[in-house]
Structure formats: structure tokens, C-alpha cells
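Kindly produce the complete structure, drawing on both the sequences and the hints.
Chains A and B, in that order, are what the protein sequence lines are.
Residue numbers are given in the numbering used here: position 105 of the first sequence equals residue 105, and the series is strictly consecutive.
Convert by adding 211 to the 1-based position in the second sequence; the result is the number in the numbering used here.
The set of hints was computed from the structure by calculation and includes no laboratory data.
Careful: at least some of the hints might be erroneous.
Partial list, derived from the structure: chain A residues whose beta carbon lies under 8 Å from chain B [what the hints assert, rightly or not]:
hint : residue
1    : L16
2    : S88
3    : N111
Listing some non-contacts, in silico: residues in chain B with all C-beta distances to chain A over 10 Å [unchecked claim]:
hint : residue
4    : S220
5    : L264
6    : N322
7    : M464
Where is the CB? At the ideal position from N, CA and C, for every residue including glycine.
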Amino acid sequence: MEPAHTPAISFDHIHLSLGNRSLFQDFTLHIEPGDKVVLNAPSGSGKTTLLRMVLGFTRPDEGRIMVQGTPLSCQTVRRVRRTCAYVSQDVDFRDQLVRDVIDDIANYPANHGIDLSVSVVQPFLQHLYLDDDIWDKNIGELSGGERQRLGIAICAALDRPIWLLDEPLSALDDTGAQAAVSLLAGASATVLAISHHPGLMDSGAFGEERF
Amino acid sequence: MASDISYLSLIYLLLLLVPVFFLNRKIGHSFNKPMLVAMGRMAVQLALVGVYLTWLFAYDLWWLNVLYLLLMTGVAAGSTLTHCSLRFKHLFIPVFLGTLIPPAGMILFFNGVVVRLTYLFEAKYLIAVGSMLLSNVMSSDIVALRHFFEGLKKQEKICQYALSLGADRLSALMPWLKESASAALGPILARTATVGLVSLPGMMTGQILSGQSPLIAVKYQLAVMVAIFVAQYISIHLTLWLSIRRGFDGYDMLKPDLFRQKK
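Next comes the structure, spelled out in C-alpha cells:
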């Protein structure tokens, strides 16, 4: 059944094969604004691909993806990306100073008017137990967990209406994971996450979608 | 005038390859076949060049000279793409334009402002200076394009992450554009800085051998070195800029069939 109002993200009758392997056959999922959803499926079933499809990095063979009512196409993909904050599995920043990473992001055309100054980003970094000296560290010096927390902090500071998170807690210890879960659970954004971490479901803020 | 070289002398020169051939066999290098093919190709190509340049210089028609320059540019663009394992159907036009425009502008400047020719399309200058510029531009474009596309292919996820964080295509690609331009310009600067100390460039050597005074040869070489550097600098940036307009799809992703399968 079609939803009565505009979902934050819609996957409508998605078909996708990669090589000889069929990943999605007539896959449909609607995520309502403000919902927080954890995708649960076996490894290799296409969860990451599903997130990448929302951003136009992978395209379905058939079917339609809509983000806040906008059908994803090459005409709309940049607008759609501006509504999403993404934390990729490996948090793929270039190896440069954290300060320069954040400066670069602030200077991207889509972020003009968004305040990514120290005073805005620092509270998120502190919430996630990242040291104050992280600004002057190279990305290459950070542990996997620090990189994930930095990705989540930037995602939160960008304050976009949809967050797409690919295993955001996989390298975090219990303290870091708890801090991240409280940040994600308390956000007003729609969150679509791939995670096997029990903390997300235990927080009570997230629902689960199995496929 | 330099004294002529007889055909017999040229054959003597080829005999120098005989010890190289046997040395290759002795130490087990598999260079002999490609070496003979390369030498054979060079001999045939230069012989043909001798014939048609004599013909071209004799007629010296502006349109024929320009046509020849376009033909050389087409070959250079094709060779660039082949060396970078990139498909012609997406990138031939951008690489052709990036290879053509800077040398063409530089030749006109060189002929009109530096040498002050009244006939800007004089074959002797257009073809000789043009081919020198084109060969240098081709070498630097190969380095830049290969560095750019191969680097990007390896680090595609970093580029995609930048796109997801708000970068437009150009901002997302800027780090690879800068790195590729640096990789291509570095050797050019190093070579330019050592001209006269480490090497006497081909044009200068040729002029001295053909009887020109070293001072005039140096003046020409200076003009040519600056022309080559500027043409390479502009061509690297123009070729990269034109290529990113055609090498990516509407979603800012590298076109999946951009690369040719390496044999």
C-alpha cells in the first residue's frame, strides 16, 4: 500500500543484480520522517548497497528511489545528497589534518551557510569522548573508533534531515558506543543505519527492518 | 651547413645494435623483439617523414600545413589514451582539444611575436615547432591523465564520501586534479632547471650541427623551452578539466566503461 504522506526515503520495487548475483528483487521499503531504522540482513545481502543507492553511488536496475518526495535522478541527485549525512563503513576521509578535513567540508558548495566552526563541532566531539587535540591530528593517526566518532560528529554538525550510517559503531568500545547511541537516538533526523551493535536496538529509539 | 650523412653511414650506425642484440640474449633480457620492432618502426616512420615533409615544405599551403598539424594532434591524443588505457569513445574529443589548443596558440604566438613571421603557417615553423610542442604536451598529458584516473579509481570511495558531505564534482575531484598536475609538472620543472647543465636539447643540438651559431641556437632554445612549458602547463589543466566533464556520468560517478581492459 502507498503511504498517505511523503516518506523520508522510499525504495519502490527495486531490482538490482551485481555481476551474476541478484541482490534485490522487487524490494520495497518506506521510511517515515523522524523514524530511526536499523537494517538487519545477513552479510553480503546488499545493506551497504542500499544506503549507497540513496546517494546515487549505485543505481538500481529497475525501481524508484525517492527522498523526501523527490525521485532520485541525475537531475536531482545533488539536491538529494544535500539532504543526507552519510557515515561510510570506513569513514573515507583523505589523510590530512582533521582541522583541514572540516574546513574542506565547510567550503563545499552545498554547505555554504552551515556553521562548522570549532564552537559548533567541538560539543559533538566532546560528547563522543574525542580529545580536544584531535583537530591537529592527521586522519591517518586516528584509530578506527576515533574515525567513526569523528564521522558521526560531522554528520551531527551538518544537521541534515536524513542520516545514513553504515556500521557506525563497529569499532567503538562500550563507552564510545553508548555515547554514539545517545547522540543518534536523540537526533530529530531520520536515521537509516546498518548495525549489528545491540546498543542501537536497546536504546528503544530504533526499529528494525529485516530483509 | 652541416655535412650530409650517407646511407652507408646510416647502415654502419645500425650495426651498433648487433652487440646490444647479443648482450640481451646473453643476459636473458626479452628486449630483442620489441627493440627490433621499435627501431624498424622508427626507421620507416622517419623515412616517410623525410618524403612527405619535403613535399609539404615544397607546397607550403596553409590549409595543408594545418591539416597535418591536426593529424599529428589526433595521433598524439590517440596515443595518450592508449597509454592510459582509457576508452576513445568518452575521452578522445577532450584529449584532442586539450592537446591541440595550447600548442596551436603557442605556435601562433611563437611564429607571430617571437620569430615575427609574416606568414604564420609557414610549414618549416608550423610543423617543426608544432611537433616539438605536441610531443612534449603528449608526454605530460599521459602522466597527468594516468595519475588522475588511476588514483581516482583506487580511491573512489574517498571521492564519493566527499560528494556525500556536500562537495560538487569539481570540489570532490580537486585533490586528484592537484596531485595529477603536480605529478606531470614536476619532471618538466626539473628538466627545465637543468637544461644546458645536464643536457643540450635536441633543437639546439640540431641547429648547431646544421651550422647555426650557438648564440642563435640558445635564443631559439630559450623561446622553445618557455613555449613548451606554457603549452604543457595549460594542456595538463585543460585536458584534465575537459576530461572530467566527459569521464563522469550524471551522478558524478566515473563512467564504468571508461577504462579499457589491460592486455
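Quick rundown of the hints versus the structure:
Because the closest C-beta pair between L16(A) and chain B is about 14 Å apart, greater than 8 Å, the hint is violated. The beta carbon of S88(A) comes within 5 Å of a beta carbon in chain B, closer than 8 Å, and the hint placing it at the interface holds. This hint holds: N111(A) has a C-beta 4 Å from the nearest C-beta of chain B, less than the 8 Å allowed. No Cβ of chain A comes within 10 Å of the Cβ of S220(B); the nearest lies about 57 Å off, and the non-interface call holds.
With a least CB separation of 48 Å from chain A, L264(B) remains clear of the 10 Å interface cut-off, as annotated. No beta-carbon of chain A comes within 10 Å of the beta-carbon of N322(B); the shortest separation is about 42 Å. Listed as a non-interface residue, M464(B) fails to keep its Cβ farther than 10 Å from every Cβ of chain A; the least gap is roughly 7 Å.
Of the hints listed earlier, those the structure fails to meet are numbers 1, 7, in rising order.
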